[in-house]
Structure formats: structure tokens, C-alpha cells
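> Single-letter residue listing:
2 protein chains.
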Amino acid sequence: MAYFDSAMNLGNDHGRVIPVTVFVAVLCLCLVIGHLLKENRWVNESITAIFIGCCTGIVILLVSKGRSSHILRFDEELFFIYLLPPIIFNAGFQVKKKQFFHNFLTILLFGVIGVFISAFLITAGSWWLFPKFGFRGLTPRDYLAIGAIFSATDTVCTLQVLHQDETPLLYSLVFGEGVVNDATTVVLFNAVQKIDVTRLDGWVAAHIFGDFLYLFSTSTVLGVATGLLTAYVLKGLYFGKHSSVREIALMMLMAYLSYMLAEVLHLSGILTVFFCGIVMSHYAWHNVTESSRITTRHAFSTMSFIAETFIFLYVGMDALDIEKWKMSKLSFGTSLGIYSTLMFLILLGRAAFVFPLSALSNYMNRNAGTSSAITFKHQIVIWWAGLMRGAVSIALAFKQFTYSGVTSDPINATMVTITIVIVLFSTIVFGFLTKPIINHLLPHHEHNILHREPTVSKEDLTLPLISLDESAATNIVRAKESLSMLIESPVYTIHYYWRKFDDCYMRPIFGGARSDRV
Amino acid sequence: MAYFDSAMNLGNDHGRVIPVTVFVAVLCLCLVIGHLLKENRWVNESITAIFIGCCTGIVILLVSKGRSSHILRFDEELFFIYLLPPIIFNAGFQVKKKQFFHNFLTILLFGVIGVFISAFLITAGSWWLFPKFGFRGLTPRDYLAIGAIFSATDTVCTLQVLHQDETPLLYSLVFGEGVVNDATTVVLFNAVQKIDVTRLDGWVAAHIFGDFLYLFSTSTVLGVATGLLTAYVLKGLYFGKHSSVREIALMMLMAYLSYMLAEVLHLSGILTVFFCGIVMSHYAWHNVTESSRITTRHAFSTMSFIAETFIFLYVGMDALDIEKWKMSKLSFGTSLGIYSTLMFLILLGRAAFVFPLSALSNYMNRNAGTSSAITFKHQIVIWWAGLMRGAVSIALAFKQFTYSGVTSDPINATMVTITIVIVLFSTIVFGFLTKPIINHLLPHHEHNILHREPTVSKEDLTLPLISLDESAATNIVRAKESLSMLIESPVYTIHYYWRKFDDCYMRPIFGGARSDRV
Numbered sequence: 001m002a003y004f005d006s007a008m009n010l011g012n013d014h015g016r017v018i019p020v021t022v023f024v025a026v027l028c029l030c031l032v033i034g035h036l037l038k039e040n041r042w043v044n045e046s047i048t049a050i051f052i053g054c055c056t057g058i059v060i061l062l063v064s065k066g067r068s069s070h071i072l073r074f075d076e077e078l079f080f081i082y083l084l085p086p087i088i089f090n091a092g093f094q095v096k097k098k099q100f101f102h103n104f105l106t107i108l109l110f111g112v113i114g115v116f117i118s119a120f121l122i123t124a125g126s127w128w129l130f131p132k133f134g135f136r137g138l139t140p141r142d143y144l145a146i147g148a149i150f151s152a153t154d155t156v157c158t159l160q161v162l163h164q165d166e167t168p169l170l171y172s173l174v175f176g177e178g179v180v181n182d183a184t185t186v187v188l189f190n191a192v193q194k195i196d197v198t199r200l201d202g203w204v205a206a207h208i209f210g211d212f213l214y215l216f217s218t219s220t221v222l223g224v225a226t227g228l229l230t231a232y233v234l235k236g237l238y239f240g241k242h243s244s245v246r247e248i249a250l251m252m253l254m255a256y257l258s259y260m261l262a263e264v265l266h267l268s269g270i271l272t273v274f275f276c277g278i279v280m281s282h283y284a285w286h287n288v289t290e291s292s293r294i295t296t297r298h299a300f301s302t303m304s305f306i307a308e309t310f311i312f313l314y315v316g317m318d319a320l321d322i323e324k325w326k327m328s329k330l331s332f333g334t335s336l337g338i339y340s341t342l343m344f345l346i347l348l349g350r351a352a353f354v355f356p357l358s359a360l361s362n363y364m365n366r367n368a369g370t371s372s373a374i375t376f377k378h379q380i381v382i383w384w385a386g387l388m389r390g391a392v393s394i395a396l397a398f399k400q401f402t403y404s405g406v407t408s409d410p411i412n413a414t415m416v417t418i419t420i421v422i423v424l425f426s427t428i429v430f431g432f433l434t435k436p437i438i439n440h441l442l443p444h445h446e447h448n449i450l451h452r453e454p455t456v457s458k459e460d461l462t463l464p465l466i467s468l469d470e471s472a473a474t475n476i477v478r479a480k481e482s483l484s485m486l487i488e489s490p491v492y493t494i495h496y497y498w499r500k501f502d503d504c505y506m507r508p509i510f511g512g513a514r515s516d517r518v
Numbered sequence: 001m002a003y004f005d006s007a008m009n010l011g012n013d014h015g016r017v018i019p020v021t022v023f024v025a026v027l028c029l030c031l032v033i034g035h036l037l038k039e040n041r042w043v044n045e046s047i048t049a050i051f052i053g054c055c056t057g058i059v060i061l062l063v064s065k066g067r068s069s070h071i072l073r074f075d076e077e078l079f080f081i082y083l084l085p086p087i088i089f090n091a092g093f094q095v096k097k098k099q100f101f102h103n104f105l106t107i108l109l110f111g112v113i114g115v116f117i118s119a120f121l122i123t124a125g126s127w128w129l130f131p132k133f134g135f136r137g138l139t140p141r142d143y144l145a146i147g148a149i150f151s152a153t154d155t156v157c158t159l160q161v162l163h164q165d166e167t168p169l170l171y172s173l174v175f176g177e178g179v180v181n182d183a184t185t186v187v188l189f190n191a192v193q194k195i196d197v198t199r200l201d202g203w204v205a206a207h208i209f210g211d212f213l214y215l216f217s218t219s220t221v222l223g224v225a226t227g228l229l230t231a232y233v234l235k236g237l238y239f240g241k242h243s244s245v246r247e248i249a250l251m252m253l254m255a256y257l258s259y260m261l262a263e264v265l266h267l268s269g270i271l272t273v274f275f276c277g278i279v280m281s282h283y284a285w286h287n288v289t290e291s292s293r294i295t296t297r298h299a300f301s302t303m304s305f306i307a308e309t310f311i312f313l314y315v316g317m318d319a320l321d322i323e324k325w326k327m328s329k330l331s332f333g334t335s336l337g338i339y340s341t342l343m344f345l346i347l348l349g350r351a352a353f354v355f356p357l358s359a360l361s362n363y364m365n366r367n368a369g370t371s372s373a374i375t376f377k378h379q380i381v382i383w384w385a386g387l388m389r390g391a392v393s394i395a396l397a398f399k400q401f402t403y404s405g406v407t408s409d410p411i412n413a414t415m416v417t418i419t420i421v422i423v424l425f426s427t428i429v430f431g432f433l434t435k436p437i438i439n440h441l442l443p444h445h446e447h448n449i450l451h452r453e454p455t456v457s458k459e460d461l462t463l464p465l466i467s468l469d470e471s472a473a474t475n476i477v478r479a480k481e482s483l484s485m486l487i488e489s490p491v492y493t494i495h496y497y498w499r500k501f502d503d504c505y506m507r508p509i510f511g512g513a514r515s516d517r518v
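Which chain is which? The protein sequence lines are A and B, in order.
In terms of full-length UniProt numbering, the first sequence opens at residue 1 and continues consecutively.
In terms of full-length UniProt numbering, the second sequence opens at residue 1 and continues consecutively.
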């Protein structure tokens, strides 16, 4: 950034002023252009941000006379410490909890088992095919990392097209899978860093899976505990008496604290902050003043939105990082072969779990009524939704193949450029096609989805009524009934008992809506 | 931070995870304890945060076995780029604009002329007295910087005690002076860095003052322009149609952009972002959806609150920085002499302008009715309000005497510790006395203030009515009347014409409330 040093006022020595200014200005531009293109049939937010990032990169290249295309070094720490937490927390905070938990098992299937299947296929495929194109020099650990890196999906693009009210099941599946996928890939990536790659067998795979289960449960417990603590403090101290500022600040800081604590304790911050968000919106959110509720809901969305746009802008800007391009020594043909191999593996890896696991999920939910069946059209949409690769892939690739964004090894530089190409290609090409494809597969106001709604809402209405006139005399009869219910439709039954427990024990302590919201 | 390195998960190499976690946890603690002590007669937010910072510092000292008391190096860039902008922007955004502009001249007198008088006295006094205590080695530029550093007031503490509705004049004076003072000291400090200290005469002083006027006007214009642009974009594009997220993000980013642009252009970011805040709350705020209004109002307050608490926590933690204490080689007696000299100069420097300038202001406003007269009790409160020294002093001292928070020169280390002692002493001792003194001087529901209100509000009611039945025929009569009005009570007349201009030209273009708000 030497060429900007003369323009410094404060912070002469560090030179963060100009980069930050340019970034903020470009973010504003993104916002306005994104709004203007909102009605456009092809473009979505991610593509807009990537394009603007590319243009900015070109301008900076010209200004710096070809020395550099980006003004902030990509720092995977910046990403994991500052940008990812608000995005994931907001996901948990805004998720429709009822839908999410109704489909919890299916989401876990896709988000956990799916990632393992996809990562395995991509690792095996690239290990087998890369040397055939003449691209050698990657270690076994690198191949394992590649599996994790290219299994990280980016569902933002698809979620912008799906409508939560029109296709609630599909939306909750795609959304839920996106979050769980983020967590799984990061956990898998970290697990891969630690294992002994000299002897890869079933035992190692089992070990990774065991690690994952441990991380999943402890991270969830930490997130839930932080959320409950926040709710308890907010309920007990009643900050709103003086000002809503403290309430908002406490929710924000506690959410962030949960993420950071998880990182300090070597857990998955993503899972923790996601569950913290869910618990906060279920309990803590109801203990604050009306204006704090509106503020938190919108402020968290805004922070998440800014972080997302920032990431895509950066990816666009980084695409022109000529240093890495120069360092990469592959011929055009080899590169093209590797890109297509990876794209093919991504397509295949995802198909390999979406269709079988959907069938499995349909089989498991056969008794829960038609509302949970995933139709073939939905399966295609789910498959498509996870084809885009995004910021998580980039961040993991930088973590694996660079040292603070810098690398001097040609192989590593090549892997970074390959990741960037895959992310750009999948986001732009698949992203462009997303709106048309989904509009073709799921025309607006699809009838079989709309007349499915009443069955769900009817149950909502009856459940709380039942729990209200609950009495000791009916308990035994009910217990027998519920046992058969548990066998017939496990998810609904768990949900029903959870709600009773929630009303009797949790809400009196931690606060929350009196009504039938979950 | 080497002792924490083993606990890293992400970002192994940089080690920002633990410090950030500890800071966020301590911030949460501050929030809760601050809330519990809210009703306390003596303690205020700043003191709570400083105490908790000290305690954290002690704990860290013990954990690190005496190696360090702080976990984040003080970075004046962190302060000027990330912490100060939200505080000042929020000040502009939440200020009661009517009161502020009614008292604009008086505020400027205190905030600009006052700082020059105070800085001159402190520079001259320390230049004369420091060598007498045996403290030598400071350059003329250092003495000039000391004048600016110890003229930066911190009015947060007093503002927490004053009530905007009970003593509107006093509140707006103290608040307005605080903001203008921040800007003036930073500008003065930067000016001092540039001037040729070998020949100090009246010409140099005039040059500094000229520089200041230029900076003041250009910074204001930049802030107003950014604010108007935001309002225009928000009005023209109507973001609320899709989501309020974009509106909120745009307001936030544009405000920040104005600050950063000012820094890039060597202007005063503080003044720019302050006026940007005023213009945004006058125009842009009215162009967004209802929920965005609530969100921005509360989110900006929250950000400002967190930044303030963060700063005081840091000051408390930094007080135990033993490295600097070891480096300072003054004897106990000399140190005590220097502390008392500086405290005396601060008291004197402030008294030297508050009382004369109040008298001048009363003389200027003699025709504007009793509402603008500053009583002697008020003068004492204003004097007292500006005795505390805070984060700006610390940041400027670090900028002058350290290189990114580190110094190896004993003289410089001594100056940093002196600044910290003065800030701690003034905040804690004067801060403790603020509530009792103000409650003594201004008992709640002071009658002469309450029955002053109606005169102000009556005028509010008549002014818009006059402007509504404005017609060409009455214009000439009115012009003559207004000329005599301008001479008799200039501020009110300017205000009246501004309001007409605002209603006719500005609001139709930039949006804003239809009513009589200013």
C-alpha cells in the first residue's frame, strides 16, 4: 500500500485508513446497485458484489500500476473472528424454529452425513485424477483438506430466491443444511489438520466422526447455556427500566462471547453461536422492551448483510490477485482439466447424498403426513442450492495453503487460485441460473404447497389447547397414547413434549412468549 | 501474549482470539455491574468501567506473572478509526437540534476559543514549571502537544447527571462544548505537529487559527454533503420497499464513510461525522420505514455506548502497565509536583475561559430573552463538567509520545504515565463529586428552569403558523421587520429564516418531517 502512504492523516504508520475508506465506499455502491437490480431475473446479491469487487480490483490494479489488486490482505482471522459470527448468529436468530426443529433429523442427515459423503468423494476423486493431469506435489493432508474445502456450500444465493411462506419445508431444509454444512465443514477441516495421515483407515474415519459428535454436542450445550444465561440476566435485572441500550448491547456481546468462548475451548464457534441465536430469540428476545426487539431483529440482519456483502466483494477483488496467478505454473489445459474435474466432483458428490438421503428421510417420515415428503422437484432444488461455493471455501483454502494470505510455494498458490476460480465460476454461472431454474421447477403459488399449509396450522392450534386443560386424571391414558405416538411420528411427539416442558419449566425461569410460538 | 498461545484454535499465528474473548467478557460484566450501580449516588459508568479495567489488569498481571497488565496493545488507530466515529456520530444523531443551534454561538465560544485559551495556559504553565521540578527533556513541540492533550475534556460523566428536559440550556451547552472541544483539540494537536516550532510568534498562532477555520468549514461542508446525499438516495430509491436492512446499512456505512473520507482528505473526521449525524437525523431518518427509525436510533446509541465503555475499560487496564512505570525515572516528589501542577493548570485554564466567555455570551444574548442567560450556578457546572480528562487525552498522548503504544524513551514513557494518572485522577475524584455537586447546585425540578419552558415552546408554535400563511403581499413588511429582528435577536432570526428555507427547498428534495421539528 506504499502508493497510498502519502495520503495518510491519522495512523501514518499503519495505513489502514485508505483501504477501509475504499471498502466502505464500495460497500455503499454495492448496496445501491444491489437494490436497483433486485427485480432482475438473473442477478443476485452475491453476483453483484463479486462483479463490483472485480471492477474495484481492476481499478486498484491500474492505480497501483499492476502491483496489486486488493487493498486489504485476506486474513482468514478477519473472516472467522469478525465476519462469520454475525452471519451465523443472525441465521439462528431469524430461523423459523418450528420448521427447523420439525425437519431437524433430515437437516442433520444432509448437513452432516452429506458432508462426509461429499468430502470423501471429492478427496478420493481428486487424489486419483489430479496426478493424471500432471498436477503433483499435494500431500495426503492437502487432499483431505480439499475434500472439506469443496464440500462447504453457499446457500445464500438460493435462499434469496426461495420464499419462506410459499415453500416452508424446502426453505427450512436448504437453510438448515446451509448452517449445519458450514459447521460440519469447518469441524471436518480442523479434524483433518490433526489426524495422522500416514495410516488412513476406517478407524481414522470413525475417530473423525466421533470427534464430530463430541464437538457437535459440546458446542450446542455451550451455545444453549450462553443463550439461557442471557435470558436469565435480562429477565432478572430488567434493564429496560433505564434504557434499552444495555439490553441490546448485552444480547450482542453475549452472542459474540459464545462464539469466542467456543473458539477458545476448541469447539465449533459456528454451532455455538447458531444455537445461542435460537435460544436468544426464543427466550431472551421476549424479556426486552418493544423497541429493543425491533432493534435487535433489524440490527442483527443488517450486520449479517454487511458481512456477507463484504465477503463477496473481497472474493471478487481477490480474483485478480496477479501475484498468485503468476506463481501458479500450470498450463492452460491442465488448469482447465483440474477445474472441470473439481466441478464434476462437486456435482457428483452432492448428487451422491441428496437423492439417497432424501429417500431415506421420506421413508423415516412416512407416518408424519404428506407435509414432510420431499418431492423429486424439491430434491433437485436442494441439490442445486448446494452447488455454489463461497466464502467458507475461500477462507479454508487460505488457511490450508497460505500463511496469513501470503504464499511462496507454487503448488499452494495454484490451489488458492483453483479455489477462487471454482468459487467465482459456481457463484456466477450457477447463481445466474438459480432464479430461472427455481421459477421453472416451483412456479409461484404452487397449489400443492399452499393447500398443505392448513394441516400444519391446525395442529398448531390444537396442541396448546390440549396442554391447557391437562389434568392428573388424564395423564396415564395420555402416557399410553404418547408411546404409540412416539413410534408412529417421533418428531411430532418430541415436539409436543418439549413444548409442555418449555411451558412448565423453562419459560417461567427464562422468560419467553406466553403463546404457542416455538 | 505468548502465554496464551497454547489455547488458540483459529488464528494460531496472530493470537487475537483470547484478548478479544476476555475483552468481550469484561464488557458484559461492566454492563451488568453498571446497571446495578445505576441508582448509586457517587458512581457513574466511566468510574465503573475504569475500576473493572483495573481489576482485570491486576488479574492479567497475576496470570502473566507480572509480565503485562493488558491484553490488547493500545492502538491510537483503533481508537480513531473504530471507537471514536460511532460515539461522535451518535452525539450528532441524538442531539436536540433546536437547542444546539439556538446556542450555537455560545457553544463555539466555549469549544473553540476556550480550547485555545486553555491550551495556551497549560503550554505556558508547564513550560515554565516543569523544569523547576527537575523534569527536563521535553521539546517545544512536546509542550505545545501537552497543551492540546490536557485541553481535551470528557463530558460523558457530567451528561449522565444532567437532565435534558430539566435544564435544556445547560445540557445543550455542556454537550455541544464536549463535541466541539473534541474536534478542536484533535485539530489543534494535528496543527501543532506541522508548525515550525523554532519561531513561535503571533503569526504562527494566527496561522493555527486560520487552519482551524478552514478545517472547521470544509469538514462541516463534507459532513452536511454526505448526510444530504444519503437522504437523497434514501428518498429517491425507497429501499424500504424490499427490506429495512439496506436502509439501516446505508445510513451506517455512509456515516462511517464521511468520517473516513474526512481523514483521507486531512480534515477533521470528528466534525464531519458530527454534522453528518445532525443532517441524517433531520432528513434521512424521516425517509426510512418506521422499524428502521427505531433500529437506527437504538443501534447507534448501543454502538456508541459499547465504544465508550471499551475505552474506559482500556484506560483502567492500561493504568497498570508496569513497563512504562518502570521506565519512568522521576522521584515520587517530582511526580507529585508535576501531577499537581497539571491539575492546577487544568482547573485554571478552564476557569480562565468559562467565566469570561459566559459573561460575553450573556452580553451577546441580552435581547434574546432570559432563556439564554447563563447563571453563575450554571457557569460552575460548565466549569466542572470540563475538568475530567478522558479517552481523547490518552489517545493523543499515545500518538505524541509512543510509536504504536510502545516507547523506549524514559521521558516519553513518563509523559504517558502522567497522562494516565491525570485521566484516572480527574475521572475518579472529580467524577465521584459530580453527582453530589450538581444535585446541590441544581436541585431537581428547579422552578426558574421549568417556568422558562413555555416561552420557548410558544415561539415554536407560532413560527410554523406564520410561515404557512405567508404570501407575496406581506413580504415587504416582513422584510423590514426581520431586519430589526436580526439586529435585536440574531440567533432567533437566523433560525426563523432557516426554517422557512428548509420547508420550501430542502425538505421537498431531501425528505424530512412535515411538522415543526428542527
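Hints in this document: simulated from the structure, not taken from any laboratory.
Treat the hints with caution; some may be incorrect.
[What the hints assert, rightly or not] Computed list of lysine to aspartate or glutamate pairs in EDC-like fashion (alpha-carbon distance at most 20 Å, straight line):
(1) A/K194 - A/E76
(2) A/K97 - A/E166
(3) B/K235 - A/D201
(4) A/K235 - B/D165
(5) A/K326 - A/D409
[Stated by the list, open to error] Rough simulated footprint, nothing fancy, chain A against chain B, three-plus residues with beta-carbon under 8 Å:
(6) 25-31
(7) 256-263
(8) 287-294
(9) 299-311
[To be verified] Label-pair restraints from in silico Cβ distances:
(10) A/Q193 - B/V63: 41 to 49 Å
(11) B/G137 - A/E323: 42 to 50 Å
(12) A/I509 - B/H440: 52 to 60 Å
(13) A/V224 - B/L37: 25 to 33 Å
(14) B/Q193 - A/K65: 24 to 32 Å
(15) A/Q193 - B/S408: 33 to 41 Å
(16) A/Q193 - B/W325: 35 to 43 Å
(17) B/G137 - A/V224: 52 to 60 Å
Each residue gets a CB set at the ideal place from its N, CA and C atoms; glycine is no exception.
> A separate judgement is required for each hint: does it hold in the structure or not?
A quick look at each hint next to the structure:
no.	hint	result
1	A/K194 - A/E76	19 Å, holds
2	A/K97 - A/E166	17 Å, holds
3	B/K235 - A/D201	63 Å, violated
4	A/K235 - B/D165	30 Å, violated
5	A/K326 - A/D409	11 Å, holds
6	25-31	holds (count 4)
7	256-263	holds (count 5)
8	287-294	holds (count 3)
9	299-311	holds (count 5)
10	A/Q193 - B/V63: 41 to 49 Å	28 Å, violated
11	B/G137 - A/E323: 42 to 50 Å	46 Å, holds
12	A/I509 - B/H440: 52 to 60 Å	44 Å, violated
13	A/V224 - B/L37: 25 to 33 Å	30 Å, holds
14	B/Q193 - A/K65: 24 to 32 Å	31 Å, holds
15	A/Q193 - B/S408: 33 to 41 Å	39 Å, holds
16	A/Q193 - B/W325: 35 to 43 Å	42 Å, holds
17	B/G137 - A/V224: 52 to 60 Å	58 Å, holds
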